[in-house]
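Throw the hints in and build the complete structure from the sequences for me.
Chains as they are written, first to last, in the working numbering: chain B, 5 to 370; chain F, 5 to 370; chain A, 5 to 370; chain C, 5 to 370.
Rather than coming from a laboratory, the hints here were simulated on the basis of the structure.
A few of these clues could be false.
Any copy will do: because identical chains look the same in the list, a pair fits if it lies in one copy or spans two.
Listed next, the in silico PhoX-like pairs over lysine-lysine satisfying Cα-Cα at most 25 Å (straight line) [as the list claims (entries may be wrong)]:
id: 1; residue 1: K153; residue 2: K290
id: 2; residue 1: K285; residue 2: K217
id: 3; residue 1: K290; residue 2: K158
id: 4; residue 1: K285; residue 2: K158
Protein chains: 4
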Amino acid sequence: MASQGRVKVGIIGSQFEADIHAASFQIMPDEAEVVAVASPTPGHAQALAERYNIPRIFTDYRQMLAEDDIEMVTITAPNALHCQMTIDIANAGKHVVCEKPLCMTLEEADLMIDTCRQKGVLLMYAEELYFTPKYVKAKEMADQGAFGKVYLVKQSEKHFGPHAPWFWDVNRSGGGVFMDMGCHGIAFCWWFLGRPEIRSVYCQMGTYVHADKTQGEDNSVCIIEFANDAVGLIEDSWARRGGMEDRIEVYGEGGVTHADLHMGNALPTYSEYGYGYAVEKAPTTKGWTWPVFEELWNYGFPQEMHHFARCVRGKEEPQGTGEDGRVVQEVLCAGYQSAGLGMKVALPFRPEGVRAPIELWKSPRK
Amino acid sequence: MASQGRVKVGIIGSQFEADIHAASFQIMPDEAEVVAVASPTPGHAQALAERYNIPRIFTDYRQMLAEDDIEMVTITAPNALHCQMTIDIANAGKHVVCEKPLCMTLEEADLMIDTCRQKGVLLMYAEELYFTPKYVKAKEMADQGAFGKVYLVKQSEKHFGPHAPWFWDVNRSGGGVFMDMGCHGIAFCWWFLGRPEIRSVYCQMGTYVHADKTQGEDNSVCIIEFANDAVGLIEDSWARRGGMEDRIEVYGEGGVTHADLHMGNALPTYSEYGYGYAVEKAPTTKGWTWPVFEELWNYGFPQEMHHFARCVRGKEEPQGTGEDGRVVQEVLCAGYQSAGLGMKVALPFRPEGVRAPIELWKSPRK
Amino acid sequence: MASQGRVKVGIIGSQFEADIHAASFQIMPDEAEVVAVASPTPGHAQALAERYNIPRIFTDYRQMLAEDDIEMVTITAPNALHCQMTIDIANAGKHVVCEKPLCMTLEEADLMIDTCRQKGVLLMYAEELYFTPKYVKAKEMADQGAFGKVYLVKQSEKHFGPHAPWFWDVNRSGGGVFMDMGCHGIAFCWWFLGRPEIRSVYCQMGTYVHADKTQGEDNSVCIIEFANDAVGLIEDSWARRGGMEDRIEVYGEGGVTHADLHMGNALPTYSEYGYGYAVEKAPTTKGWTWPVFEELWNYGFPQEMHHFARCVRGKEEPQGTGEDGRVVQEVLCAGYQSAGLGMKVALPFRPEGVRAPIELWKSPRK
Amino acid sequence: MASQGRVKVGIIGSQFEADIHAASFQIMPDEAEVVAVASPTPGHAQALAERYNIPRIFTDYRQMLAEDDIEMVTITAPNALHCQMTIDIANAGKHVVCEKPLCMTLEEADLMIDTCRQKGVLLMYAEELYFTPKYVKAKEMADQGAFGKVYLVKQSEKHFGPHAPWFWDVNRSGGGVFMDMGCHGIAFCWWFLGRPEIRSVYCQMGTYVHADKTQGEDNSVCIIEFANDAVGLIEDSWARRGGMEDRIEVYGEGGVTHADLHMGNALPTYSEYGYGYAVEKAPTTKGWTWPVFEELWNYGFPQEMHHFARCVRGKEEPQGTGEDGRVVQEVLCAGYQSAGLGMKVALPFRPEGVRAPIELWKSPRK
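Shown next as structure tokens:
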């Protein structure tokens, strides 16, 4: 493979997340270029390729892996496919960028990490909150001592339902909103606090609005106790009307900060006639709306993909790794178990025989 | 006693809360007047009486209870004294307004309720959030169906430590910030949802900042599950820098609303020189500050006291009762037990032999 | 007339402003009661009387003035009627509360002031911004030195059109939005700065949206230069979509403050289903809205009417007087003249032969 | 010169603006690289070069212009030097990026435009508000019809004094805050509305706080009337405490939008201890502050410089041109004349014999 020049990237998938990856590489083009896309549904890869001038199209991602010049492959497929795809990519000698959550089970997580290590490829875990500029600023202030000892970190992400229909199917997603978005909050709090050991997890969850569509929870509250005596409070919802909400709060003995990615960045706007685009998940562009500007950049996606490309060239060390994804996966499992038992679950926690984390809510292990 | 004219009121206490009561009756004067104040510390009652033109002063509240014309007595003394004072007031044939939380134990709560009932006097529980105009508006919208079925209600109250030093002493207060301010959130969520049965309580708490001053918790997170499938999420802190925070959030399948009593009502202000008064607990009036306007009115204190006086005249039915206070007390006990056990506690919960709720955190009952 | 007891009030008018007056006396009832209402349109006075339990109804306000026990009469009729009504009320020996703006011409203003003085009755000018709690707080801070020397005060009031159709008719209103709402900003800036002499006025205005309905301006920008070297910047609009906007900004050499009566006090709310009432002028209660709480109180109307009743009893000195109204009237005239000439107009300014201020815009005097 | 590869850039200046240019090219590096810096003060160019790894250093910019490979030169020197530098750069056959305002007089503007045209180089006018992402979003919505016909656009920029001491000297700057920052608002409103003809300008200005340091105005209000019947309202101040303010408001017959670059993007933060950096002009990092994230990007500087480099390569057409700068210069002159006369000034306006625009305020031309 090339040791210089722009990193050649292949994308698996063609929907919401795949579009974000393609757009992100286009926004920050100096380190990478997307040369291929693979999607099993006829026409889907084609459509993405046309939007972003991607030259090569595949319906079977394994064929894409046969392309010699591709150096890095990003996975945007349903959660249940992450593990097998990662192994295939690693076996093809290419670096892996895997969307969150890492996989379905801790066994899968271990296998993914081990395989990539053996094959000498990077397993990069795509947690974009590590790159969200507003949240990065909050962490910088914390690390500069602005808040003294931080004892509480909160993150929440809420909207009215997942981007892709497969999320409703717990066999493909592994769970509901806690699986889909709780993984962000878990990673965020852990990263923000400097990756301390995690002591325990408590979760409350329920299916309040979308029981007709899914067995998964559509609202969750999660409390994490860290070994440094800090607490993480994570809220997620697929039952929040009015558009996206993505917020953090940080409390230390010496100060506080709040950040809101949507209402807190947006232009308060009223329109009788509507306009092009407000924000991900916005129900309308008429009446009062909260349009964002440069949405992907404000989430940190281009910065994240740019970083991963530089990792491939050895210019940076990966911020999000398979090990990060595994920590998140363990907390996800402990969270579902906790919701099932009604008690907090101590870590390390390694349930056996689980295929999907949500099973631990419905049938917690004794 | 009089059956018309302004209700004659006596106040027990002379500090922060007593001042609020006296000021509140002055702001809405058409239904009541404060005619007496009692405080054991020499000079304290005098000082309050001078600020508010209160004609009669006592150092022993029992002497004040001997005044025939007094019809209603408000209690602003430490929590550990609430029960005995209530019984004394009831025995004197006067109506009782008791500050939150109602008392120390469920046995006390039962005794207070029973005694007032036997004596034919009203036991009115002073939960001002029932009268906070901004929160009342949120409830009106909810009751009008704005949010459809509400599945999550949040309330938080945070600042950097209690008003009076006795709060630090758990023998007099019964606990830390969950006892001091958690009682607001419990009452609020329950009231907002229409007083549904409470199924379970989970609490996480710790002493993060003020361990040198108290054995009580200075930060708490509480999750309440209600029988109508709604959830309450209550956060309280004595460890929040930068002034007061008092907020709610309401999530229903059909909508959301947020309300912030401080930053959300204030005038964003920068001053090089400072000024008279910003807000309760504000650390300074220089630099950027968040001055409130008509602070008591925006909390609802004058409206609350006005309401209680009208209840004494039979013009209204008490919104906050001894039974409300007892429900809150039961959740407080269950919350401490839960924090001690690391599991959620089902209601009804009636621990025995407890003198202060915080004991259940330090030594949960099996 | 009575020298004690609640002041007996009659209201002239039955529409938007009359309703505010009636509601305001009901909210703060301890100093006054509304005993009569007069409106020429059959049924209108009746409807108001039923909403507020007003015992006496008249179609001719002159008949109402014959009621001996009425001590104070409030005028909510179109601007062109203010002068004659004031004279009639004064001649009946009753105190006058006149809604803004005071009248049509400076001649009328002088006549109103002189007549009331001769008859020994109070002429009270109803500028509610003197009582708006949030703005009062800003002035308190300024007077305490928070901002040092204030060099710029801004006030703006904007919505999508007047409450009553007569405002569109410049013969009855005297002008457009500058006449209707500019009077608030003029009074506010002057009052906020301590009533300094006014040096000059510059106005830019136009009819941008409602030319099919009115010859009056529907948007105006006004710059006032005060003798103490401070500047007032006043913006008003009948062409602002999305509901009401009422804001101030204060800039001093030592600090700044901002206040927003609507978005800045409201509960950010999203509703699929709608609810009872959001705020004056809100186009809908669905989607994102900005519901206010206790709207009248937050504007200061009950406090204002309470104050006027106390003035009648000699307990307070009127904050808003006929002289205030005359100052505003002079600035209104100078503003229209300025817009017509495209240059700033020095005060004192007393145009002759003018029937409606807007004439000075269309045909400025040389 | 090269027709491909990254554009080689030289910077004239080494202070605040020069640092922004250097940082901007570093943030978006794929189209340009800074290869030289020139500053007359010994050591200054050196310091900038070290921060940004710029290989070549000059004390005389004319020597830098002798470097063959340099293709584009950016000017960050005092306003009075802009014209001569532009001519020298053009004569050296290099493209020019000139900071705002373009120059001192309309004669200079014409000379700059003509010279660059004759020499076949681009004269690019550095108005970064054309690239500010939040403002660009507002314009996109307007262009999509969100607000219908726009009748009022406002822009304001305020802080407590200029970055460099030469701004206080009107012989070098040409004027005060209207010259320094009013140029932004003029360009913004004109650009936002689609560059309509400008009919008239009215300005009110004064020296309220910094009379000990400058003869220039430290606060200005400017009203522009456009030929399409829209109005621009521009406020600027060097007398605003509490940090930067940069805001826009847009009003159309069909809607409104607001954008605030500072408070509206920031993380509300309280710190007892302080932290690294809050925002340009912030007086402290302790107490409540408004830290921004990715400040340059949120202003649009990297996007602007990236765009200019692409213009050099022929990939884009310049958004900001010498002609834009000339329009702004004409409005600046008309604004000062207007403030001197107390009347609005019609365009076109070409005063003669003026060396600095501020002369027109102190001694307006008849």
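Hint-by-hint comparison with the structure:
1. Proximity of K153 to K290 under the C-alpha cut-off of 25 Å is restricted to the inter-copy arrangement: shortest distance 16 Å between copies versus 44 Å within a copy.
2. For the homomeric pair K285 and K217, the shortest alpha-carbon distance inside one copy (18 Å) is at most 25 Å, but the shortest distance between copies (39 Å) is not.
3. Taking the shortest Cα distances, K290 and K158 sit within 25 Å of each other only across copies (22 Å), while inside one copy they are farther apart (31 Å).
4. In the homo-oligomer, the alpha carbons of K285 and K158 lie at most 25 Å apart both inside one protomer (22 Å) and across protomers (23 Å), since each shortest distance falls under that limit.
Every hint from the earlier list agrees with this structure, and none is contradicted.
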